[in-house]
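*Asks:* One line per chain: the protein sequences are D and A, in this order. Here my numbering is used: the first residue of the first sequence is 1, the next is one more, and so on. Here my numbering is used: the first residue of the second sequence is 1001, the next is one more, and so on.
Hints in this document: simulated from the structure, not taken from any laboratory. A few of these clues could be false.
Derived DEER-like restraints, expressed as beta-carbon distance ranges [to be verified]:
1) I285/D - E1067/A: 44 to 54 Å
2) D1349/A - Q31/D: 49 to 59 Å
3) V1066/A - F29/D: 37 to 47 Å
No more than 20 Å apart at the CA atoms, straight line, and that leaves these computed lysine to any residue pairs for SDA-like [unchecked claim]:
4) K164/D - P1172/A
5) K216/D - D196/D
6) K164/D - S1234/A
7) K76/D - G1348/A
8) K1214/A - D196/D
9) K1123/A - N1293/A
10) K76/D - D1356/A
Ideal placement from N, C-alpha and C gives every residue a C-beta, glycine not left out.
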Amino acid sequence: MTTTDERPTRVADPEFERKAERAEALRGFLQALPSYAYLVFFFAIPLVIVFVFSFASRSRTGRPVLSDWNLDSYAKLFQPIVAEIVARSLWLALLNTVLCLAIGYPFAYWLATRRSARYRAVLLVLVLIPFWSNFLVRTYAWRVLLGENGFVTEIGRALGLWDKLLFTQPAVFIGLLYGYLPFMVLPLYAALERMDWSLVEAARDLYASGWVAFRKVTLPLSKPGVIAGSILVFIPSLGAYVTPDILGGAKTTLLGNYIVRQFTAARNWPFGAALSFVVLVVMLIATIIYFRTDARTI
Amino acid sequence: MGMLALAVALVAAACSSGNSGSDLESVAQGCQVDQVDGDLSLYNWSEYIDPDLVQEFRDTYGVDVVETFYESNEAMLAQIEAGGATYDLVVPSDYMVDIMRQEGLLVKLNKDAIPNMANLDPKFTGLPFDPDGEYSAPYQWGTTGIGFSYDVVDDAADLTWGLIFDPEMSAPLTGRISLLDDEREVFAAALKYLGYSVNTTDQAQLDEATALLKAAKDRVATFTSDSFEDLLVSGEVDLAHGWNGDFFAAFDEADAWEDYGYGIPKEGGVAWVDNMAIPTTAEAVCTAHTFINFILDAENGAQLSEWNYYASPNAKANELIDPEILSDPAVYPTPETFEKLEFLADLGDFATNYADAFTEVKS
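Chain D extracted, bound-state conformation (with noise of 0.2 Å):
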């Protein structure tokens, strides 16, 4: 093995190498100890115990009880009303996602291709900047805006579009992809600002079209910015619930309210802990198999 080093400053001593190794391993243990603490304590013991209320009872009043373990929760999985909620809140997400990055993209482009580092540095601001006020507090400023006498309605009414658009569900994409949209354009920005643009040249000097050049070189070299902005806005998007009940009118079941009002008024924890953990597992595999499929094509 030592004879096989061809590094000359390295001594030849197999006893240094793996105290070497072992010392380089303990400090990446120790650099990386901040981040297990937290999953620890902010991710796998909060799991834990959603995980174990999920098998809990409910007391006639609606307290959790811990004992007298059942499934009788997850039995409740199976009703066909919840796969309908299951459906609907994938259907929203996944809607969502696609109008983000319809629009996200040819966004995040523009930025991107801006020459002046200072202009591109002032629209990114401009991006961040709703970020500086509450989410609740700028979806009721939409419901404003979209109201019986809003500014959103008024356009509408005067150019004979729409009548009214607050508690309807092109409100709720309305609020969606107001408030998802960052998440797509930022990521999507990152992937394409970084970004050799020397080889697109190289593909326009080869006669590629424009097109063919952004769908061979700038699209597939822009797709971890693609992936990363389409899992930012897909995961919240199935978990949304404020927009959809401000400015949707609160009159279909999405699961985040689902789990939320498990939680509250039906005081059901049990079968809310289920519904948490399903859909955290579910979304945990779901993004591992996403990457790791991912990680062979980049």
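Fit chain A to the given chain D structure using the hints.
*Replies:* Structure of chain A alone, referenced to chain D:
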């Protein structure tokens, strides 16, 4: 599985925190009238007490009052169940008193330290949620009915739940109706329209109400429990299902008493009463008793109702309240209307049937 053990230990620790109820009860039994044993931590609904009254309590008894607010009974319950924070006095609604009492989260009151209990209207003592009045003293009461614009309803006397549930009658109001986002309240409205009790545990009646609500949902603009009054006065809806005092506050703020009204539909509705109770998270148990006695004082009770337009359960206070408020049937329903009102009761295991039915309505 060391992690599992740790998690279970954490949960167990969280569940067992807080004082034991019996220790606090022995403290309570020793409390004298007007005795204070520390600052008061008051956990109350927002906008529910006249700040002048709080100040007067501070000045009279030389203790501070720290106010914390909640927006729903369930949110308050979760805080008390979690333990950790000190709250000396909470103001749960009727059915929530029942839940907290059964869960052992309330301290038995020492009535000797609350002589003003005698001021209460007998109509509001010994109610089913606390039959012997051992754990709670009524604070204020109100009704759940319909707030409306005079553009669509001429007179509160014409109100019927049919405006929401009768397809023909409510057709012109399509998209102009808001309902409370609260399963028990929404079902109470439907059950009253059908002529059933709001506390029914008959699945067939619940199913009938579910079908009725599903059909009515297409005409409903939104389900909301926190902005129905604003939606009404801002013209988003013309008919709103909600709690009387909230409407009055909004009418008052918009100076729109001429344009909007409130009433209880002729089929009846829900009455509720909020109550002062001492949770097992309390520390200043005697101060809490003194505060209850302070609120039940006739003059203070009258001041409270004149401040927030909710009715007082205090018979002696009612003698002092502005006659204009006292004679307003929207605040103090007539005896005939009162007959048709029901209190929501905790339904135990059947509560999940209501939750499931509401999910069904919203599917």
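*Asks:* Confirm or reject each hint.
*Replies:* Structure-based check of each hint:
no. : hint                         : in the structure
1   : I285/D - E1067/A: 44 to 54 Å : 46 Å, holds
2   : D1349/A - Q31/D: 49 to 59 Å  : 52 Å, holds
3   : V1066/A - F29/D: 37 to 47 Å  : 46 Å, holds
4   : K164/D - P1172/A             : 16 Å, holds
5   : K216/D - D196/D              : 14 Å, holds
6   : K164/D - S1234/A             : 14 Å, holds
7   : K76/D - G1348/A              : 19 Å, holds
8   : K1214/A - D196/D             : 57 Å, violated
9   : K1123/A - N1293/A            : 19 Å, holds
10  : K76/D - D1356/A              : 11 Å, holds
Consistency with the previously given hints fails for number 8 only.
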